Amino acid sequence: MSAATLYDKVWDLHRVAKLPGGSTQLFIGLHLIHEVTSPQAFAALKDLGLTVRHPERTVATVDHIVPTTSQARPFADPLAEEMLATLEANCAEHAITLHGIGSGRQGIVHVIAPELGLTQPGMTVACGDSHTSTHGAFGAIAFGIGTSQVRDVLASQSLSMNKLKVRRIWVDGQLQPGVFAKDLVLHVIRTLGVKGGVGYAYEFAGPAINALSMDERMTLCNMAIEGGARCGYVNPDQTTFAYLQGRPTAPSGEAWERAVAWWSSLASGPDAVFDDEVRFDAAALAPTVTWGITPGQGIGVDEAVPTLEQTPLEERPLAEEAYRYMDLQPGTSIAGTPVDVCFIGSCTNGRLSDLQAAAAVARGRQVAPGIKAFVVPGSEQVAAAAEAEGLDQVFLAAGFEWREPGCSMCLAMNPDRLEGRQISASSSNRNFKGRQGSASGRTLLMSPAMVAAAAVTGCVTDVRELLQA
Amino acid sequence: MASSAPFPSGPIRQHRGRGVAVVGADIDTDRIIPARFLKCVTFDDLARGAFADDRTELANAAAGPHPFDRDAHREASVLVVNSNFGCGSSREHAPQALMRWGIRALIGESFAEIFFGNCLALGIPCLSAEPDTVRALQEAIAADPGAELLLDLEALEVELESEFVGANRWRVHLDPGPHQMLVSGQWDATGQLLAHDGDLRATAARLPYLAGFVAG
Numbered sequence: 023m024s025a026a027t028l029y030d031k032v033w034d035l036h037r038v039a040k041l042p043g044g045s046t047q048l049f050i051g052l053h054l055i056h057e058v059t060s061p062q063a064f065a066a067l068k069d070l071g072l073t074v075r076h077p078e079r080t081v082a083t084v085d086h087i088v089p090t091t092s093q094a095r096p097f098a099d100p101l102a103e104e105m106l107a108t109l110e111a112n113c114a115e116h117a118i119t120l121h122g123i124g125s126g127r128q129g130i131v132h133v134i135a136p137e138l139g140l141t142q143p144g145m146t147v148a149c150g151d152s153h154t155s156t157h158g159a160f161g162a163i164a165f166g167i168g169t170s171q172v173r174d175v176l177a178s179q180s181l182s183m184n185k186l187k188v189r190r191i192w193v194d195g196q197l198q199p200g201v202f203a204k205d206l207v208l209h210v211i212r213t214l215g216v217k218g219g220v221g222y223a224y225e226f227a228g229p230a231i232n233a234l235s236m237d238e239r240m241t242l243c244n245m246a247i248e249g250g251a252r253c254g255y256v257n258p259d260q261t262t263f264a265y266l267q268g269r270p271t272a273p274s275g276e277a278w279e280r281a282v283a284w285w286s287s288l289a290s291g292p293d294a295v296f297d298d299e300v301r302f303d304a305a306a307l308a309p310t311v312t313w314g315i316t317p318g319q320g321i322g323v324d325e326a327v328p329t330l331e332q333t334p335l336e337e338r339p340l341a342e343e344a345y346r347y348m349d350l351q352p353g354t355s356i357a358g359t360p361v362d363v364c365f366i367g368s369c370t371n372g373r374l375s376d377l378q379a380a381a382a383v384a385r386g387r388q389v390a391p392g393i394k395a396f397v398v399p400g401s402e403q404v405a406a407a408a409e410a411e412g413l414d415q416v417f418l419a420a421g422f423e424w425r426e427p428g429c430s431m432c433l434a435m436n437p438d439r440l441e442g443r444q445i446s447a448s449s450s451n452r453n454f455k456g457r458q459g460s461a462s463g464r465t466l467l468m469s470p471a472m473v474a475a476a477a478v479t480g481c482v483t484d485v486r487e488l489l490q491a
Numbered sequence: 003m004a005s006s007a008p009f010p011s012g013p014i015r016q017h018r019g020r021g022v023a024v025v026g027a028d029i030d031t032d033r034i035i036p037a038r039f040l041k042c043v044t045f046d047d048l049a050r051g052a053f054a055d056d057r058t059e060l061a062n063a064a065a066g067p068h069p070f071d072r073d074a075h076r077e078a079s080v081l082v083v084n085s086n087f088g089c090g091s092s093r094e095h096a097p098q099a100l101m102r103w104g105i106r107a108l109i110g111e112s113f114a115e116i117f118f119g120n121c122l123a124l125g126i127p128c129l130s131a132e133p134d135t136v137r138a139l140q141e142a143i144a145a146d147p148g149a150e151l152l153l154d155l156e157a158l159e160v161e162l163e164s165e166f167v168g169a170n171r172w173r174v175h176l177d178p179g180p181h182q183m184l185v186s187g188q189w190d191a192t193g194q195l196l197a198h199d200g201d202l203r204a205t206a207a208r209l210p211y212l213a214g215f216v217a218g
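Protein chains in written order, with our numbering: chain A, 23 to 491; chain B, 3 to 218.
One thing to keep in mind: the hints can contain errors.
[As the list claims (entries may be wrong)] List of simulated lysine to aspartate or glutamate pairs, EDC-like, C-alpha gap at most 20 Å:
1) A:40 with B:201
2) A:40 with B:46
3) B:41 with A:362
4) A:185 with B:46
5) A:31 with A:259
6) A:68 with B:177
7) B:41 with A:104
8) A:187 with B:177
9) A:187 with B:46
10) A:394 with B:46
11) A:68 with A:78
12) A:394 with A:343
13) A:68 with A:110
14) A:31 with B:46
15) A:394 with A:342
[Unchecked claim] Listed next, with one range per pair, are the computed distances between beta-carbon atoms:
16) B:18 with A:277: 58 to 64 Å
17) A:268 with B:154: 58 to 64 Å
18) B:15 with A:351: 38 to 44 Å
19) A:110 with B:214: 30 to 36 Å
20) A:274 with B:15: 54 to 60 Å
21) B:67 with A:71: 33 to 39 Å
22) A:72 with B:11: 27 to 33 Å
23) B:18 with A:461: 31 to 37 Å
24) B:63 with A:412: 24 to 30 Å
25) B:213 with A:461: 22 to 28 Å
26) B:4 with A:406: 25 to 31 Å
Treat the hints as calculated values from the structure; they're not laboratory data.
Fair warning: this is a prediction, and the values are worked out from it, not measured in the lab.
Each residue gets a CB set at the ideal place from its N, CA and C atoms; glycine is no exception.
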């Protein structure tokens with residue numbers, strides 16, 4: 023038995039060389055690019071007279087800037103159109119596969135790579151987007167990078183990296199009905215803090231993790247970065263293999279058997295040594311909602327906004343800033359907080375099972391008067407699968423809008439945004455000041471089912487009450 | 003404002019410049035540069051986006067204007083911040099905006115990892131310091147915005163010279179790897195990564211997923 027973690031094994035396998043500065047040159051198995059963080063990298067490549075080292079290991083799509091109403095070209099926004107046209111030209115010039123709008127495979131980069139079978143256990147995955155940690159759900163070492171590093175991967179299929187420590191997040195018990203991976207990860211971040219994971223990779227393990235679907239594992243790993251951990255991962259198991267089998271770019275035939283054997287060997291051994299370990303009990307968790315301006319400012323839906331006295335000394339200035347910005351009173355219950363906009367989607371929670379969970383709440387109910395509620399599938403494949411089982415009709419009948427795939431209102435790079443002081447119930451990942459496109463807009467993060475509950479009641483509501491009804 | 007000072011190049015052994023303090027924990031990259039400024043295919047015009055929403059919010063506030071809008075900090079090149087600065091999105095647009103505004107070094111209680119790496123790739127050191135040191139620096143900058151900070155990257159010390167607050171010297175920290183990369187001028191990784199093509203081929207050759215899983 024090996025004392026190595028999955029992180030150790032994958033790191034060692036991808037080590038190319040020791041660099042003069044002391045860092046490690048790490049081979050990147052899968053490089054994902056999109057329209058926002060790649061144009062300057064391609065321009066730098068051209069300036070340096072370099073070409074793309076392994077064009078077959080880079081895959082592109084368009085997600086951040088696409089409108090979710092009409093996706094007809096050219097886009098109404100000339101800047102958005104220029105960004106997509108630049109991506110198309112760069113991919114064509116360097117023979118990089120681009121899954122564009124209408125291809126049937128376009129969508130949020132962290133949704134499409136797994137569903138195409140591109141993301142596999144044991145890979146290193148890099149993308150110019152912090153939520154690349156999502157791909158760790160497959161037992162890959164996946165992390166976000168900046169544009170200079172995108173340039174480096176294009177040029178050399180490798181990166182200058184320093185090895186992280188590994189913290190095991192062990193979760194006992196089982197999530198209760200109405201409580202989801204989103205609630206678990208918000209609880210982990212609430213407990214360990216938004217900078218608690220700096221310098222660490224998070225290994226999520228234990229009975230509660232083993233019971234999660236791949237969609238849920240992706241939600242969990244997606245938000246590792248919100249806890250400061252550049253990557254999060256789950257050891258590959260039968261759930262992983264069952265998800266991958268038959269995907270377009272997953273191995274097949276005899277290679278499938280060999281792949282499963284290798285993937286199985288990657289999991290952290292029973293005597294693996296971790297730099298740190300923290301334990302949680304899934305059964306004790308309630309649906310969790312953020313009340314403040316960082317993803318760490320979360321509470322159970324049955325709790326009250328913490329008072330200053332309940333807040334550790336060093337976090338009080340941030341809490342005071344959050345009370346002011348959010349206009350929420352310390353000591354008052356978060357349940358019942360009125361919302362204006364309800365957004366279901368994003369790389370965190372825009373997959374089929376997320377839409378199913380939200381539809382189960384929306385079915386037979388109506389969006390409350392005055393609430394704008396919309397559903398944005400994470401990809402064209404998610405949209406098609408949801409429509410095949412009639413989820414679009416469930417949402418439309420309930421008064422939600424059913425949109426085209428994209429990043430949408432998770433961030434403000436497309437027409438979907440908050441206005442003024444609007445407050446959103448959002449299944450996305452960040453509640454930073456101004457994140458959703460209005461400099462004074464406010465965001466409450468929660469699971470898709472909780473967003474649906476907020477949409478039909480008009481306020482933050484414990485979804486468990488609706489599921490029992 | 004956009005600085006006309008040259009961008010970093012070569013070994014980064016020391017830096018001398020005025021300070022500007024932006025106070026607060028967990029200042030994320032959406033605040034450093036709001037997403038609407040990311041609609042671009044070059045970094046050239048990003049200086050105007052630095053802290054754009056915070057600057058608007060503070061423009062007419064009692065606590066305002068934002069430090070980046072105060073005349074006293076117009077020529078500042080050392081940004082002094084608190085903990086977990088640069089958390090959130092991996093957008094390199096954040097350090098690019100700061101660099102194009104004029105920032106050449108940061109001192110803070112702590113930095114988010116991707117932001118730190120993005121700064122390193124531009125030759126901008128993110129030096130960490132004890133909370134007391136950061137507080138002292140922020141107070142000194144407030145008392146005497148014209149004072150010059152002298153950053154000694156080799157000794158990992160920062161010195162403040164001011165006729166108002168006297169002379170002071172503090173320790174700062176930088177992990178050995180990034181430290182060596184900056185002072186040796188080897189912070190631009192591209193050339194180093196291209197120097198090991200044989201090793202790169204050997205690594206690719208042993209990866210099971212690039213060889214039909216036969217090598218496993």
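If any of the earlier hints don't hold here, list their numbers in rising order.
2, 3, 4, 6, 9, 10, 12, 14, 15, 18, 21, 22, 24, 25, 26
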